[in-house]
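**Student:** For the record, the sequence lines run as chains V and W.
In this text, residue positions in the first sequence follow the numbering used here: the first is 29, and each later residue adds one.
In this text, residue positions in the second sequence follow the numbering used here: the first is 29, and each later residue adds one.
Bear in mind the hints are in silico, worked out from the structure with no lab data behind them.
These figures come from a predicted structure and were not determined experimentally.
Please note that the accuracy of each hint is not assured.
No copy is singled out in the list; a pair is fine if it fits within one copy or between any two copies.
[As the list claims (entries may be wrong)] Once the Cα atoms are required to be at most 20 angstroms apart in a straight line, the calculated SDA-like pairs of lysine to any residue come out as:
| id | residue 1 | residue 2 |
| --- | --- | --- |
| 1 | 139 | 364 |
| 2 | 305 | 458 |
| 3 | 125 | 255 |
| 4 | 202 | 41 |
| 5 | 124 | 147 |
| 6 | 55 | 286 |
Each chain, letter by letter, is given below.
There are 2 protein chains.
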Amino acid sequence: MERTIGVGVLGMGVVGEGVARVLATKKDLIRRQVGASVDLRGVLVKDQNKPRSYELSKDLFVNSIEDLIQNPEVDIVVEVIGGEYPALDYIIASLKKGKNVVTANKEVVAKHGPDIFQVARENNVRVLFEASVAGGTPIVSPIVRDLVANDIKSIKAIINGTTNYILTKMAQEKSDFVNTLKDAQSLGYAESDPTNDVEGIDAVYKLAILSTLAFRARIRDTDIYREGLSRLEPQDFQYADELGYTVKLLAIATLHGCEVQARVHPALIRKEQMLAKVDGVLNAVEVETDIADSIMFHGPGAGSMPTASAVIGDVVNISRNLVGDSGFPDPLKLSENIVIQPITSLRTQYYIRLEAEDRPGVLAQIASVLGQNGISISSFIQKGTNHEFGTAELVIMTHEAVEHSVQDALNGIHKLDVVASVGNMIRVVE
Amino acid sequence: MERTIGVGVLGMGVVGEGVARVLATKKDLIRRQVGASVDLRGVLVKDQNKPRSYELSKDLFVNSIEDLIQNPEVDIVVEVIGGEYPALDYIIASLKKGKNVVTANKEVVAKHGPDIFQVARENNVRVLFEASVAGGTPIVSPIVRDLVANDIKSIKAIINGTTNYILTKMAQEKSDFVNTLKDAQSLGYAESDPTNDVEGIDAVYKLAILSTLAFRARIRDTDIYREGLSRLEPQDFQYADELGYTVKLLAIATLHGCEVQARVHPALIRKEQMLAKVDGVLNAVEVETDIADSIMFHGPGAGSMPTASAVIGDVVNISRNLVGDSGFPDPLKLSENIVIQPITSLRTQYYIRLEAEDRPGVLAQIASVLGQNGISISSFIQKGTNHEFGTAELVIMTHEAVEHSVQDALNGIHKLDVVASVGNMIRVVE
């Protein structure tokens, strides 16, 4: 009989619902990747009757952590309650019962990570926590696994989506902090009590986790200097802009010799830097290393589904180990019924440059060939004129069109008497 | 006795030298991360007497692949010869002898990946190939492991550093292709025979690997439409710029239902897009997924040490398995002698905004306080005047200074009669 892996989930907030939803809707994908079925065996919630956006069978609800961790059919406990207590107690209790743990809890990992890892090691189980930093963007695993040959010299990160959203809006709309925060709250980008985000506490937790992993040394949240957004005035954004800078809440940790400097505060960063271009609720982590140079990871920092992506990634990787696999995904698990489309069926916009006679009616002839092929023009520019030959260079941007029609049209245009040559066609990518 | 892991290296070009160098210089780090020593046991080279930038003991050189794969002390074979043959034959021979393989060879993985994985599986060993795409930037492992819960919808990537360097230069210097290529060759950014790079062949190999992994379906190099740089003229860059676009050689693969469209060609991409900002020899891969949204990985795409970073990462992860570990790095392997520096010892530039009386001599007083604290001014702007109070807003950017001096200076400035208030101080981040 095929082995099945049992999962128990602690908490059914937005992330918990995402986890339950992905486990159900991606059952086949997960089974194929693991080589075993991964089944939800129980969910610990406070209020079983609360209406939820993702409805679960009532049979899955349990009243106490004991109901989950005493269940021999639960192999992995997913902790998505958040906050320090009771999450920490539940994690420790699960590990002591021999359960593997996947957690999205930055506060618990930042404050108690090394203690938790110690308990896991003593009980010969694992704790994974990819979702605790930067939501669905892989960063924990790349640092500890892919970049293992590197000594990491610094981390520079935008790891709080709420504050990055507020700063982006303040810069774009020249608005003040209090009103921008209110707007962010009404849009659901900031919580009703925004303290953890706007005072930089959330970013400090995440930086404590990242710098502990990067420097292979325990960096506590209390080791990190912290300053929030509240002193920023609209004119700071204007002056920063004039000076060539963008204002970002950066989380920075640097290692010089055996000295660590770690801090979270509003910072001016040159507009040309990639981090300056990270807008809205997105996150980005830039890691500077000794041998792999500087690497940036950029993506969603929160949200139900992105965070579930990281949680399920950890669940799958533990499951692969539980079924006796080494933890390396087998690249051979391929699907068979994929069809390759030829370039001629591509649909996109096109840039076309051509040399044509510089006289009235020429554009009409060209547009007519395009139109016969179902291609409409989005913009048209006549560039430099060649007086010797009486020609001009024309640049045409099309609306979305199909490649084979564009190829046909270019053949037709090339044959027009008024066209000297088709210089180039370049596809536009969204 | 502690187990040791033996490594044999095929080829001693720039990447091979990087691998040998990292294995030697990072011996302690690797031992700590693996829980066993990882030792170089042999190197297959064509010419043992060729001078090398990293000198190896002559005892390590072997003449034939058999000398390495018949050696029971070699656990992992690292293939960094490049090209299709004999690399493919050596990889297959190694796997059949029960050796794990780490390869940086995009051509072999693109053309023969699934066959190689099959042989590995039959012999119960592994093939890892992180270095085959985007050099030191983790991308293979994040796709197959961290993003495993996702269905990937598209890949958009800049995965050839040579062509991105040429395009960046053509855009900046309005130069033509032929001359820019010559410059790139003289600087070592393009090979003497640049065909594989400028015709997009190298990018096709990498896209075949990425799209096979992302779509979990075999996408061959021959399935991918390919167009190189040679038709681009200087005016294309100018017109693209005027239209709001940047010209990049993009590698794109999209999956709609069960249909794949994969292509490598010069493309216009909107300047605001992150990929448009990837300049010079850097690489970036943007992955669009169903649940983790859009994620970008950005970093070095080639080079001796970055590529060695990826190779050694794979070697370490196989070694972890060989010593009986599950492949999850233990986050507890921490160093003890790390010192946390307080924010007061930070050295950076500072932005200072203050409100002061709008009359001659005021700046002198402020500059004097800064000077007494060893802080020099990089720029100074007088902004809006408040006529009612006779004050003006001043913005000062300092040269690099130490935080405690800045704090002292701000206290001193605050006490000046001519200063109404210190509005804000924001740290600048390089």
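**Student:** Against the structure shown, which of the earlier numbered hints fail to hold, in ascending order?
**Tutor:** Of the numbered hints given earlier, those the structure breaks are 3 and 4, listed in rising order.
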